[in-house]
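*Asks:* Under numbering that gives the first Met the number 0, the first residue of the sequence shown carries the number 0, and numbering increases by one thereafter.
Hints are computed from structural coordinates only; laboratory data are not their basis.
Even for Gly, the Cβ is constructed at its ideal location relative to N, Cα and C.
Fair warning: there could be bad hints in the mix.
In silico SDA-like links for lysine to any residue, alpha-carbon gap of 25 Å or less [claimed, not checked]: (1) K148 with N123; (2) K299 with R136; (3) K299 with N123; (4) K299 with E153; (5) K177 with S62; (6) K148 with A160; (7) K177 with V61; (8) K299 with A160; (9) K299 with G229; (10) K177 with A251.
Listed next, with one range per pair, are the computed distances between beta-carbon atoms [said to hold, decoys possible]: (11) A296 with R147: 53 to 59 Å; (12) R146 with A219: 46 to 52 Å; (13) E32 with I64: 32 to 38 Å.
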Amino acid sequence: MNPTDLGSNTAPAAADGERHAEAQAEPPFVLIEPLRRTAPLIFASPHSGRRYPPELLADARVSLISLRRSEDAYVDELFAGAAAHGASVLSGTIARAYVDLNRDPAELDPEMFDERPPPSPHTNSARVQAGLGAIPRISGDGQAIYRRKLSLSEADRRINAVHRPYHALLQNLVAETKELFGCAVLIDCHSMPNNARGAHAPDVVLGDRFGASCHPSVTALAEATLRRLGYRVARNTPFAGGHTTQTYGRPATSVHALQIEINRGLYVDERTLERTNGYARVRADMTRLAEALSAAALHKSLA
Numbered sequence: 000m001n002p003t004d005l006g007s008n009t010a011p012a013a014a015d016g017e018r019h020a021e022a023q024a025e026p027p028f029v030l031i032e033p034l035r036r037t038a039p040l041i042f043a044s045p046h047s048g049r050r051y052p053p054e055l056l057a058d059a060r061v062s063l064i065s066l067r068r069s070e071d072a073y074v075d076e077l078f079a080g081a082a083a084h085g086a087s088v089l090s091g092t093i094a095r096a097y098v099d100l101n102r103d104p105a106e107l108d109p110e111m112f113d114e115r116p117p118p119s120p121h122t123n124s125a126r127v128q129a130g131l132g133a134i135p136r137i138s139g140d141g142q143a144i145y146r147r148k149l150s151l152s153e154a155d156r157r158i159n160a161v162h163r164p165y166h167a168l169l170q171n172l173v174a175e176t177k178e179l180f181g182c183a184v185l186i187d188c189h190s191m192p193n194n195a196r197g198a199h200a201p202d203v204v205l206g207d208r209f210g211a212s213c214h215p216s217v218t219a220l221a222e223a224t225l226r227r228l229g230y231r232v233a234r235n236t237p238f239a240g241g242h243t244t245q246t247y248g249r250p251a252t253s254v255h256a257l258q259i260e261i262n263r264g265l266y267v268d269e270r271t272l273e274r275t276n277g278y279a280r281v282r283a284d285m286t287r288l289a290e291a292l293s294a295a296a297l298h299k300s301l302a
């Protein structure tokens, strides 16, 4: 990994405008397009970003490794091979600790800011209460991130610079895919901590919001493929899907969204966040999953 991806916690503090300009210097996403679109598939990884803006590092009271434990480490790499099978692959590049792309932008924790956010039912969501709103209050290992309260204008800047461009592109991808194939299948890609893994704990959790966000045939095909590859698979417990599946999954209009959570213990050392020997196998298997979904001619059965 290029160290510049992670920012620097020794950089001098800058004025808000200068910090914001740095955060916007590059697009907040990477899009990999196939040479030819042959499948109605979009793989999205909102939490794999490894760019840490200097303003976040300057305000953080925790170490960089603590911030990085919020990442879905290397999930963008695990699914990059899907482009070879006719799918689009979209990845966020800015750290989840800075702004969470799998949250409603109104999911703001009132306790984090020096003035109250606008009234919204989203401010009382379970995710906000857990410290994991659109601007996270805690890091992946449960520590409070900030030395001080933030301003609402800072939250707005982050959302406008990172969250809105990512979702604008994702919305366009979904619309273009549906126009091209008559349907769109969004696979929202994540990883989950290894701490609850036991003899019968799942390696992968598929979330379709209990059938509300995705046609059951897609979920069944993904599950069968993963089981054939040797993974223990669960559905909707403990992860049924988040903001992305809830927002985009509309089976009645031929737009389907399925969340996939991979146990990090299969491919990464959660203490150091270094790839382990299991990484190559998981990456190859996620490419095989994309191949199976692509080969299923989903546009014929879901359009």
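*Asks:* Return the numbers of the hints above that this structure violates; sort them in rising order.
*Replies:* 2, 3, 4, 5, 7, 8 and 9
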